[in-house]
Structures are given as structure tokens and as C-alpha cells.
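S.K.: Letter by letter, the chains look like this.
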Amino acid sequence: MTDKTTSSDLTKAPDLDATPIGITTPAGGEATEARSLASDAWRELRQRPLFWVSLAIIAVFVLMAIFPQLFTRLDPTDADLAKGSDPPSFTWNGAWFGYDLQGYDIYARTIYGARASILVGVFATILTSLLGVLIGTFAAYAGGWVDSLMMRVTDIFFAIPFLLGGILFMTTFANDANTGYFVIVGKVVLVLAILGWPSIARLMRGSVLQVKPNDYVQAARALGASPWRIIRSHILPNAMAPVLIVSMINLGAYISAEASLSFLGIGLTPPAISWGVAISDSLVYIRTAPHMLIFPSIFLSLTVLGFIMLGDVVRDAFDPKTR
Amino acid sequence: MGKYIVRRLLLMIPVVVGATFLIYAMVFAMPGDPLAGRCGERPCNPAFAAKFRADHNLNDPLPIQYAKYLGNLAQGDLGETFQQVKVADELQQRYPITTRLAIIAILFELFIGVLAGVLSGIRRGKFIDNLVLVSTLIVIAIPTFVIGSLAQYAFGLKLGWFPVTVSPQATWFELLLPGMVLGAISLAYVARLTRTNLVENLRADYVRTATAKGLSRARTVGVHTLRNSLIPVVTFVGADFGGLLGGAIITERIFNIRGVGGYIFQSIHSRDGVAVVGAVTVLVIVFLFMNLIVDLLYGVLDPRISHD
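In order, the protein sequence lines correspond to chains G and U.
The opening residue of the first sequence carries number 1 in our numbering; numbering runs sequentially from there.
The opening residue of the second sequence carries number 1001 in our numbering; numbering runs sequentially from there.
Just so you know, these hints were derived from the structure itself, not from any lab.
No experiment lies behind these values; they were computed from the predicted model shown.
Even for Gly, the Cβ is constructed at its ideal location relative to N, Cα and C.
Treat the hints with care, as some may be off.
If we take Cβ atoms under 10 Å as the criterion, some of the chain G residues that face chain U in the derived model are [claimed, not checked]: (1) P68; (2) L70; (3) L74; (4) L163; (5) M309.
Beta-carbon label-pair distances, calculated as ranges [unchecked claim]: (6) K1068/U - I298/G: 46 to 52 Å; (7) A1029/U - N214/G: 44 to 50 Å; (8) V146/G - S1167/U: 49 to 55 Å; (9) R287/G - I1005/U: 39 to 45 Å.
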């Protein structure tokens, strides 16, 4: 970072990895001994045990979502009413997590429940980030009345309480018994995206406003670059970092929000297997069969923890203030 | 200052109108006929049905219905539900309960959160710091309804320290456990926010000066550093109050509290649009006012920020 950028660097897009949050000086590209903030952050990250712990948690749950068969050979849709709400039995062949009211094996249900949570989390994050970045960048770059108008629209969506908006949306577009798995998941993703984009848009707008007055953006404009090119190769790479980190933390929050909606009986609905639904169903039997509540709760919390912890560690690594 | 407040109040109008319109439109689009089942097993008398529809503006298209609603709202009338109950009356009974719940949550998160944040901030990198950081992460990761159900099971059922559910009177003691559940996640944020700001401010010049002139550690931290570190915390808590009112829906359901959240949930299920829009409108307005107060407070607490 010692020598300032040469003029040839100005037309070249600084690459994404080399750009820190808030700090807009492009890193010296070729100089090998100059450490960019990203490589600094990576060195810092490697030493943090929490980073590896969270990565391991995420890896396990993602694997569980893709190949649940690896973790259990039981069928989660296989119910035996005779075993209804049997407590866990810790024998070699027993059901370690016990059975729920319908006689489903809770272990198998819990393993298969990962898929819905991860799907909702990942797609809701992608969709909110896309919407937020698009709207935030456009508002900040256009400025003037376009900016004011778009920020007012953002305010409107921001003012609607998250859960209430979600409940209303899911009741208006209710599922029935014939709704397919991906439609059910898609609706939850959609509602999370509709209610979640304003915070990302605000963040992105602030970030772009910080990058926009920089010399290299002015230089690109002076050289006759089109707005599209300025945004794509100069503004976006330098303004994306805060959004990426917040999105990572949000991924955990969306999984939690999906479970909350399912808990209220309107997020995911059977036949989709979901931790939120399982927890909601078990609440009534908390006196007699607490195991039905505890195992899905632990899995859900661990997944959310994995993503939030990762986002937290990465943010710390990128934010020199906390060092 | 006056000009700033007026400008902010004016900016609130389009937000309230837009938000209520979105809610209204969604309620309008809800499937189901409000007349279904109203007259028992048989269809309603056509004369009654016609009057019912006319009374509730059900024959108008969405924009007209909404304009009529907004006209009433501007006169302070939140409308009547399909059961001929005034929404304002119902809310008047329920808002104090939810407000009490939110106050408990706020006090809980302020006291415990700031305490934990200060402890971890002044012992940065030590055991207690790591303990606070990891435990707050865990609290943030556990969804409210899981914390609520587990707390109800452990403290209500097993240990018997608190009542399991809340009676319609909703006394302060009954609301204690639900309030703590509601405030748990915000508590974690308050602790982290306090810690970050304390750590940052402990490096400030004025703190070094205070230490150099021989002030005790307690005075340096307690008076000089903490006062400045708490500004973002106060603003967070202020903004959180509006959020807690809306977020109470889950806690209210677990502990069977007859608050605003439960009312909205129940009204959505019974397709009672007027009740939903009315309750949410009040929530949105409270939320916006809290944000305004927070912004004004910021200027008072931190003289560097001016609203003129």
C-alpha cells in the first residue's frame, strides 16, 4: 500500500478481493510485498478458531441439506403410530432422538429438515442482495429526485414490521395440501426478499455514495466511460464488501425468520419437512414429550449460529477498528 | 430544530400512507368471504348482506375503499371490525399490555446488556470478554420462539419460578419472563454495541488525559468513557422499542398474552381486514415516531450532531 496507484491502474478494475470495506484506495495490484486488506483479513481469519468452527458447522449442514441419505437410512415420511411420542432410547439400534406424535423418527425428520432451512436461507439472501444492491446502487448513482423517490419507497417497506408483513403475505397467498415443495419454499423466499431488501438497499446506497466522489471514478468518467461501465468496474467492486458481510449474517437471520413463520403455522407447511413446523407441533406436548421440542431446536440454532458466527468473524477481520 | 421536526413529520405522511396501502391491498386480496358463516348454516338474508357490504364498503374497488379508510383515519377513526367492535377500543385494551411487555424487555436489555458490555469492554481479550462475545452470539442464533418455549418449559413448568401463561390482567410479575424472552436477542446486540464503543472510546485522547491527570479507573471508565459509549446504545434501544411492539407476536403467542401482536394474528386468521390495518397502522406510526425521537435525542446527547 506504500506507492500510490499509477495512472494505468485507473482504467483497470480493482479486483474484488483486494477491496476492503469503506476504504476506497485501490490496492497496489502487482506489488507482491504490499499486503492488501483482504490478504490481511485472510491472515487474521486463519488464526481465529471461531472461523474454522463456523465453517465446519456450515459444511455439515449444507452436506445434510444436499445428501440427507448420508446421515440416516430411515425414511422421514415413514410413520408408525404405535411408537407415537416415544422418548429417545440410547441403544445401538434405537431412535436416539425418539419419535414424534405421529411416530415419525425425529432424527430422520431433523436431518431432512435441513434442506428447507438452507434453501430458504440461501435463496432469500441471494434475492435480497440482488434487489438491495440494484436499487441502492441505482438510487445513489442517479441522485436527485430519483434518489429521494426510491428512498421513500424503501422507507415504506422498512416501516412494515417484518413478522406481521410475513404473516399477512403468507395468509393472502396461502398454501394448500396440493402445493408443491418448491412453490412453498419459493413463497417463503419471496416474502423474506420483499420485506428484507430495504436494509441492504440503504447500506448499498451509503456505500456507493462514499465511493462515487473518488478520483478514479471521476477519471473514468472523464475518459468517457459509460455509466454502466463505471458502475460495473469501478463502483460495484469497491462498494460491495459491507453488503457481502451483512448478507452473510442475514443468511442466518433468514433461516431464523423462516422458522418463526413456520412456527406460526404459515411459513413452510407439510409436506415440506421443517424445523419450525416440528417445533411448533411439539409445543403443545411440551409437558409430556419435551424431546420433540429439543432436538429440532438445537439443529436450528446451530445452523443459524454457524452463519452468524462466520459473518461476525469475517466482519471483525475486515474492520481494522476492532483489532 | 423546529424546521427539522416539521420536515420529518411531513416525510412521515407518505410512508404511513404507502405502508398502510400495502397492508390494505394484501388484506383486500385475502381469499375468503367475510359473510361466510355469519348467519349460521344458511346463506345470509340478501337485505342483510347488502347492508353489511355497504357498511363495510365491500362493493367499492380497492382504491376507493382505501381512500374512504384513509379519510376516516385522518379524522382519528380506525374503523369497526366485522363484529361491530371499534378497533380503537380493542387496541386501547391491548396496547397497555404490549407496552408493559416491551418496557420490561427494554429495562432487561439495558441493565444486563450494558453491564455485560462494560465488563467485556474493560477486560478486552480476557476470559470474560470471550465469554460475553460467544454467549451473545449464541443468544442471537437461537430464534425467539425457541428461547421462549425453552424458558417456559424450564422456568415455568420444571422450576415453577414464573407463571406458565399470562392471565388477561397481565400483571407486571406475570409479564416478567415473557419480557425477558422478548428482550433476549436485543440484549445480545446491546452488549456487543456497548463493548465495541467502549473499546473504541477507551483509546480516545480525552480518556488518556483523564488517566494522566490522575483520575481513578472507575471514574475514567464510568464517567468519561461510558457516557460517550452509550449514545449509540440509547439510539439502538429507542429504535428497538418500536420493533419490539411488532415483534412481540411470537412471545405473546407462546405465553398466551392478550396483546397487540396476538390481536393482529387472530384478526388475520379471521380475515378481519379493518382490525389488521388499524393495528398495523398504529404500529407503523409508533415505529416512525420512535425513530424521530431517537434522531432528536442523538442531537441532544452528541452536540457535534446538529439538525439545523
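S.K.: Run every hint past the structure and note whether it holds.
M.R.: Status of the hints after comparison with the structure:
Against a cut-off of 10 Å between C-beta atoms, the interface hint on P68/G is violated, since the closest Cβ of chain U lies about 22 Å away. The criterion of a C-beta within 10 Å of any C-beta in chain U is not met by L70/G, whose closest approach is roughly 24 Å, and the hint is violated. Here the hint on L74/G is broken, as its CB sits about 24 Å from the closest CB of chain U, past 10 Å. Annotation: L163/G was flagged as interfacial toward chain U, and the flag holds, the nearest CB pair being 5 Å apart, inside 10 Å.
The closest approach between the C-beta of M309/G and any C-beta of chain U is roughly 6 Å, which is under the 10 Å cut-off, so the hint is satisfied. A hinted range of 46 to 52 Å for the beta carbons of K1068/U and I298/G is consistent with their spacing of about 51 Å. One distance hint, 44 to 50 Å for the beta-carbon pair A1029/U and N214/G, holds here, with the actual separation near 46 Å. Checked against the hint of 49 to 55 Å, the C-beta distance between V146/G and S1167/U comes to roughly 53 Å, which is consistent with it.
At about 53 Å, the CB distance of R287/G to I1005/U disagrees with the hint of 39 to 45 Å.
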